[in-house]
Amino acid sequence: MRRASLFSRLGERLIEAVIVLCGLSAIFFVAAIFLFVFLSGADFMLHRLDWGEFLTSAEWYPTSVSNKRYGTLALIAGSASVTGLAMLVAVPFGLGTAVFISEFTEGRVREVLKVVVELLAAIPSVVWGFIGLVIMNPLIIDLLGAPIGLNVLNGGIILGLMSVPIVVSIGEDALKAVPDSYREASLALGATRWQSVYKVLFPAARSGLLAAVLLGVGRAIGETMAVLMATGHAVQIPTSPLDSVRTLTATIAAELGETARGSDHYQALFAIGVQLFAITFVVNLTADLLVRGVRRR
Amino acid sequence: MSSGRFRASAHTLAAERRQRVAKGVLAVATALLVLPLLGILGLLVVNGWPALTWEFLFTDPAAGMTAGGIYPAIVGTLWLIGVSLMISAPIGVMAAIYLSEYAGDNWLTRGIHLAIVNLAGVPSIVHALFGVGAFVLFLDLGTSVLSASLTLAVMTLPVIIASTREALASVPLAFRHACWALGASRWQTIRHIVLPNSISGILTGVILQVSRAAGETAPIMFTGAAFYLPFLPASVRDQCMALSMHLFTLSTQVPNVPPAFPYATALVLLAIVVAFNLFSIILRSYLRAHRKW
Numbered sequence: 001m002r003r004a005s006l007f008s009r010l011g012e013r014l015i016e017a018v019i020v021l022c023g024l025s026a027i028f029f030v031a032a033i034f035l036f037v038f039l040s041g042a043d044f045m046l047h048r049l050d051w052g053e054f055l056t057s058a059e060w061y062p063t064s065v066s067n068k069r070y071g072t073l074a075l076i077a078g079s080a081s082v083t084g085l086a087m088l089v090a091v092p093f094g095l096g097t098a099v100f101i102s103e104f105t106e107g108r109v110r111e112v113l114k115v116v117v118e119l120l121a122a123i124p125s126v127v128w129g130f131i132g133l134v135i136m137n138p139l140i141i142d143l144l145g146a147p148i149g150l151n152v153l154n155g156g157i158i159l160g161l162m163s164v165p166i167v168v169s170i171g172e173d174a175l176k177a178v179p180d181s182y183r184e185a186s187l188a189l190g191a192t193r194w195q196s197v198y199k200v201l202f203p204a205a206r207s208g209l210l211a212a213v214l215l216g217v218g219r220a221i222g223e224t225m226a227v228l229m230a231t232g233h234a235v236q237i238p239t240s241p242l243d244s245v246r247t248l249t250a251t252i253a254a255e256l257g258e259t260a261r262g263s264d265h266y267q268a269l270f271a272i273g274v275q276l277f278a279i280t281f282v283v284n285l286t287a288d289l290l291v292r293g294v295r296r297r
Numbered sequence: 001m002s003s004g005r006f007r008a009s010a011h012t013l014a015a016e017r018r019q020r021v022a023k024g025v026l027a028v029a030t031a032l033l034v035l036p037l038l039g040i041l042g043l044l045v046v047n048g049w050p051a052l053t054w055e056f057l058f059t060d061p062a063a064g065m066t067a068g069g070i071y072p073a074i075v076g077t078l079w080l081i082g083v084s085l086m087i088s089a090p091i092g093v094m095a096a097i098y099l100s101e102y103a104g105d106n107w108l109t110r111g112i113h114l115a116i117v118n119l120a121g122v123p124s125i126v127h128a129l130f131g132v133g134a135f136v137l138f139l140d141l142g143t144s145v146l147s148a149s150l151t152l153a154v155m156t157l158p159v160i161i162a163s164t165r166e167a168l169a170s171v172p173l174a175f176r177h178a179c180w181a182l183g184a185s186r187w188q189t190i191r192h193i194v195l196p197n198s199i200s201g202i203l204t205g206v207i208l209q210v211s212r213a214a215g216e217t218a219p220i221m222f223t224g225a226a227f228y229l230p231f232l233p234a235s236v237r238d239q240c241m242a243l244s245m246h247l248f249t250l251s252t253q254v255p256n257v258p259p260a261f262p263y264a265t266a267l268v269l270l271a272i273v274v275a276f277n278l279f280s281i282i283l284r285s286y287l288r289a290h291r292k293w
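Chains as they are written, first to last, in my numbering: chain L, 1 to 297; chain X, 1 to 293.
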């Protein structure tokens, strides 16, 4: 009897130890991601990479025979322009839909709309890229007379649609977090629902809505396959939405397979990985702090 | 509305008119999101359906991928889903048990929470770099089903943790109190009360992970998915093809592919992803409607 309970006690301790280990796994993996990505390019990053050139030069010529240059400014501009355009799509549509679902619908309609948004989020990025390639590309050429339809506009619209679901779901959470007493007080004063939305709910949910936008930005910056297929592979600083660009993510995806392991070019791609990790880390951290601020209140 | 003192003032009428306009604009914005979803589904079905035959589904690609089918890609995707699930499901569920049942409100818990948020936010291509550095090279697993699945597992871990936490949190605290009051230990309570009462909720999260893993391309590109393999993987140490990767290959890398091929491939991929998603959504709403407490 006593022996059995001793065994079960031991077994329990063992299971609980495993549970604690798994609980810590997320921290372990985030640390491991940073370490492995950093260490894989550390030799080049610490000894041969000119960080000033890396961050401020637009000349990305990693395969040049005579003069290899590793400037990522054009790639940063590519990511920024596509992400910026994506937000022009995702913010109005995302927040508009969040307000509509949360404040102007109920019951079955609300459930159906939420499912639609979830399914929109489920479409794989490579399918989005394919859409950009075979549908948006000819459409842009036909409608706007652009010489090539794989450009900032194409990638921006695709990425915008991809970012909408996250903006909707986080934005809706933020609106839901505003106590009903706010709505009731506003309506009791004679305001319409719409007046309540922009006079009361928007200010009250401000930080949560900002977090929704930030998470959309994070999603857009990090997206790879869709921009790889839809933005046209031109390393340049765009001057119009109809210019082709290449993003930070697409550069890694396009070039990693063609570099020799351990070469400077290979390590430079890991340096871009570190850059991306840092950018999304800051964006997500800020969004999380904003969301947490909402919860606490 | 007619005469009398309850007639709305011009000010109120204007406010209501503005509300109608605002509501209309918001409804249109929402409808414009439904449109691409239906449009994409429709286009893929219309253009892909002619090529979608049993032969397409169950034969190998042939003649430089300009003929034949996508059988190895379907099998490869199933391998990746299965293996990544076997890795991420136990870790994710136990991590959620820790956070929901053991962790106190302290700096460590906040750190874990922060790590999960960031893990979910790391770009997929950075996960790919991690997979190359950690699994392919450091653990020397090579480009294989195992490396790709491990990369996918790490990437989809936050999905399982978040949904499992939600499922565990939906079990009322009173259940646990009652169990503790009978002298049960923490683990006994979890094992016999909390898990049985949340298992279907946990399942919805696991299904959602499957759907995410099936659609990812970037993380498997350099860790285990091959452009073209004439044979099926025999073990987790082999490479494999994958539907997502195959769609990328067909639409960007190979010349003279029959135009319907990438559409049909996208359709199959989307069907798998959407089927898992819908199943998860339906299961969740069924559970909400039939909750016993």
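Bear in mind the hints are in silico, worked out from the structure with no lab data behind them. Each hint should be verified, as a subset may be incorrect.
Label-pair restraints from in silico Cβ distances [to be verified]:
id: 1; chain 1: L; residue 1: 56; chain 2: X; residue 2: 137; range: 47 to 55 Å
id: 2; chain 1: L; residue 1: 179; chain 2: X; residue 2: 259; range: 53 to 61 Å
id: 3; chain 1: X; residue 1: 110; chain 2: L; residue 2: 185; range: 43 to 51 Å
id: 4; chain 1: L; residue 1: 56; chain 2: X; residue 2: 57; range: 33 to 41 Å
id: 5; chain 1: X; residue 1: 175; chain 2: L; residue 2: 9; range: 20 to 28 Å
id: 6; chain 1: X; residue 1: 55; chain 2: L; residue 2: 286; range: 51 to 59 Å
id: 7; chain 1: L; residue 1: 203; chain 2: X; residue 2: 185; range: 27 to 35 Å
id: 8; chain 1: X; residue 1: 260; chain 2: L; residue 2: 56; range: 27 to 35 Å
id: 9; chain 1: X; residue 1: 38; chain 2: L; residue 2: 199; range: 47 to 55 Å
id: 10; chain 1: X; residue 1: 45; chain 2: L; residue 2: 39; range: 22 to 30 Å
id: 11; chain 1: L; residue 1: 59; chain 2: X; residue 2: 137; range: 44 to 52 Å
id: 12; chain 1: L; residue 1: 48; chain 2: X; residue 2: 185; range: 52 to 60 Å
id: 13; chain 1: L; residue 1: 50; chain 2: X; residue 2: 67; range: 32 to 40 Å
id: 14; chain 1: L; residue 1: 147; chain 2: X; residue 2: 200; range: 49 to 57 Å
We treat Cβ as the ideally placed atom computed from N, Cα and C, and that holds for glycine.
Okay, the hints, checked on the actual structure:
1. L:56 - X:137: 47 to 55 Å: 31 Å, violated
2. L:179 - X:259: 53 to 61 Å: 55 Å, holds
3. X:110 - L:185: 43 to 51 Å: Violated: the Cβ-Cβ distance is about 34 Å, outside 43 to 51 Å.
4. L:56 - X:57: 33 to 41 Å: 51 Å, violated
5. X:175 - L:9: 20 to 28 Å: Because 23 Å falls inside the window, the suggested range holds.
6. X:55 - L:286: 51 to 59 Å: Since the Cβ atoms of residue 55 of chain X and residue 286 of chain L sit about 52 Å apart, the hinted range of 51 to 59 Å holds.
7. L:203 - X:185: 27 to 35 Å: 48 Å, violated
8. X:260 - L:56: 27 to 35 Å: 47 Å, violated
9. X:38 - L:199: 47 to 55 Å: 35 Å, violated
10. X:45 - L:39: 22 to 30 Å: 47 Å, violated
11. L:59 - X:137: 44 to 52 Å: 29 Å, violated
12. L:48 - X:185: 52 to 60 Å: 57 Å, holds
13. L:50 - X:67: 32 to 40 Å: For residue 67 of chain X against residue 50 of chain L, whose Cβ atoms are near 50 Å apart, the range 32 to 40 Å is violated.
14. L:147 - X:200: 49 to 57 Å: For residue 200 of chain X against residue 147 of chain L, whose Cβ atoms are near 54 Å apart, the range 49 to 57 Å holds.
In the structure shown, a violation is registered for the earlier hints numbered 1, 3, 4, 7, 8, 9, 10, 11, 13, in ascending order.
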